[in-house]
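Here the protein sequences line up with chains A and B, keeping their order.
Each residue of the first sequence is one higher than the last, beginning at 1 in the working numbering.
Each residue of the second sequence is one higher than the last, beginning at 1 in the working numbering.
It should be emphasised that the hints constitute simulated quantities derived from the structure, not laboratory data.
One or more hints might be untrue.
Simulated crosslink set (DSBU-like; lysine-lysine; CA at most 35 Å straight-line) [said to hold, decoys possible]:
hint	chain 1	residue 1	chain 2	residue 2
1	B	Lys101	A	Lys89
2	B	Lys124	A	Lys24
3	B	Lys7	A	Lys25
4	B	Lys50	A	Lys228
If you want the ones that stay clear, here's a sample from chain B, every Cβ over 10 Å from chain A, calculated [unchecked claim]:
hint	residue
5	Ser42
6	Glu45
7	Arg58
8	Thr69
9	Glu76
10	Glu87
11	Glu96
12	Phe107
Simulated DEER-style distance windows between Cβ atoms [said to hold, decoys possible]:
hint	chain 1	residue 1	chain 2	residue 2	range
13	A	Ala60	B	Gly67	47 to 53 Å
14	A	Ala234	B	Glu80	35 to 41 Å
15	A	Gly113	B	His66	23 to 29 Å
16	A	Lys71	B	Glu20	43 to 49 Å
17	B	Asn111	A	Asp30	28 to 34 Å
18	B	Glu12	A	Trp156	39 to 45 Å
19	A	Arg229	B	Glu80	40 to 46 Å
Ideal placement from N, C-alpha and C gives every residue a C-beta, glycine not left out.
Read off the chains here:
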Amino acid sequence: MTEKKHSIKRGVSLYSYQEEFFLKKMSLEDCIAAVAKTGATGIEILGEQSMFGFPKLTDAFVDQWFGWMDKYGVTPVCHDFMLDYTMIKGKYFSDDEALQSIIRDLKFAKRLGFKVMRAIVNITPELMEKVAPYAEEYDIKIGIEVHSPWHINSAWMARHWEVMEKTGSKYLGFVPDMGAFTKRLARVQTDRMIREGADPKIVEFVCEQHEKGVMAEYIIAQVVQMSKRPIDIAVAELSRHNTYYNPIALLQHIPRIVHIHAKFYEMLDDGTEFSIPYEKIIPILIEGGYDGYLSSEYEGNRHIQDVYEVDSVEQVRRQQEMFKRLLGEIPVPKVANALSA
Amino acid sequence: MIQMFEKYMIVENDAENIIENGKVTAFKFGARLPYYRGIALSLVEDIVIKVDGEDVPRETIKFSAHGNTYTLKEMETETEDRWNMGEVAYITVEKEGGLPKGEHKVFMLLNMRIAYLPFPSIRKSEKTVAIA
């Protein structure tokens, strides 16, 4: 536990409540209220998820949006944009068409008061370079999502980093997704695959190998020898899609990090996350002087919805409680202090 | 392999025959997009419907949402209108006489073009629906 002062803020992506929002058990206002109840102050959305009729916004809606921000004491932080290069069947966006799509999102985000946009990972470095002047004009930082299986030092991200260096733009950066630090494969996901017919012995083998840090290609190669069933191979492939890298890799890039997706799959009763070692990650962010938002991104719903009632509100609440503890906002119990001493 | 919202794609208890000028001309059922966001209709690469194991001809399928109706061919070029997150749309199949009263197995396959995913996004579901 670090004693160092920091300026890390807590937020929640409304993506976290996708199950209840999809089923209309929660309205947009309910989602915002749920964020406020955790004590988090930042709101992140995917416009294409939260806004019916995206990207159109009526004046009445925009007024209501800022009314909610005031009422619940929260702030718009990040809008995640998509880039549908294949909008027309059989065609692929030109760079100019893609740029127009991003400008559409910049206008949308600006009107709702967002300061950061998350770029989907398929955005090209060339396009980032073209979009930089617009990001500056709208005063919105754009960060490419560093999502597993990529990590911040992957070749693709290095190409993006080159553009950031070349343009010198303060408006381009990274949005790392903490799913890149999946130390243990998500139990909710492997349990689901067992329900779909995966061999529990293969699941156990893959989980053990992954946790030991064996390279995914070797795990897959071994499982191919053990089974010919696609579901078993798919279990092995989880290791490739849910990477673990040492979070220390973030440290040198912290000045370029404009936002963080605090991905999680399952918050346990003891207040820890099953897969992702936040107790290792957060001290690194503090050490590096990260001063943006840690934005909760619950993604366990899709793995349990077949048999369990999803409770996204409780899952997010637990993760935010963990953040309060790791960020030093609430006193750490004495026992935990003794252990870490 | 990723399962996402498939179980909610065909809406429970939301199927009926459509009567026009005193004649049953079609049947319809409620459907949601099994995805974490809404998409422009042109991103729907294909919808395949089977009823009681039999393929439904593609040209008899129509999609309706928030008051707008499209054939699958028309959907291909509709880049403005959207199937919103969680929105119940209706899939209508033109068929003289509709479906006989009673239970039927409806199968739906939805194929979306999602540019950032390096594989087709195909979702399938089958449910028993009741026609009153």
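Hints, verified against the model:
{"no.": "1", "hint": "B:Lys101 / A:Lys89", "in the structure": "38 Å, violated"}
{"no.": "2", "hint": "B:Lys124 / A:Lys24", "in the structure": "22 Å, holds"}
{"no.": "3", "hint": "B:Lys7 / A:Lys25", "in the structure": "16 Å, holds"}
{"no.": "4", "hint": "B:Lys50 / A:Lys228", "in the structure": "30 Å, holds"}
{"no.": "5", "hint": "Ser42", "in the structure": "6 Å, violated"}
{"no.": "6", "hint": "Glu45", "in the structure": "7 Å, violated"}
{"no.": "7", "hint": "Arg58", "in the structure": "14 Å, holds"}
{"no.": "8", "hint": "Thr69", "in the structure": "17 Å, holds"}
{"no.": "9", "hint": "Glu76", "in the structure": "5 Å, violated"}
{"no.": "10", "hint": "Glu87", "in the structure": "7 Å, violated"}
{"no.": "11", "hint": "Glu96", "in the structure": "31 Å, holds"}
{"no.": "12", "hint": "Phe107", "in the structure": "18 Å, holds"}
{"no.": "13", "hint": "A:Ala60 / B:Gly67: 47 to 53 Å", "in the structure": "20 Å, violated"}
{"no.": "14", "hint": "A:Ala234 / B:Glu80: 35 to 41 Å", "in the structure": "37 Å, holds"}
{"no.": "15", "hint": "A:Gly113 / B:His66: 23 to 29 Å", "in the structure": "27 Å, holds"}
{"no.": "16", "hint": "A:Lys71 / B:Glu20: 43 to 49 Å", "in the structure": "47 Å, holds"}
{"no.": "17", "hint": "B:Asn111 / A:Asp30: 28 to 34 Å", "in the structure": "32 Å, holds"}
{"no.": "18", "hint": "B:Glu12 / A:Trp156: 39 to 45 Å", "in the structure": "42 Å, holds"}
{"no.": "19", "hint": "A:Arg229 / B:Glu80: 40 to 46 Å", "in the structure": "43 Å, holds"}
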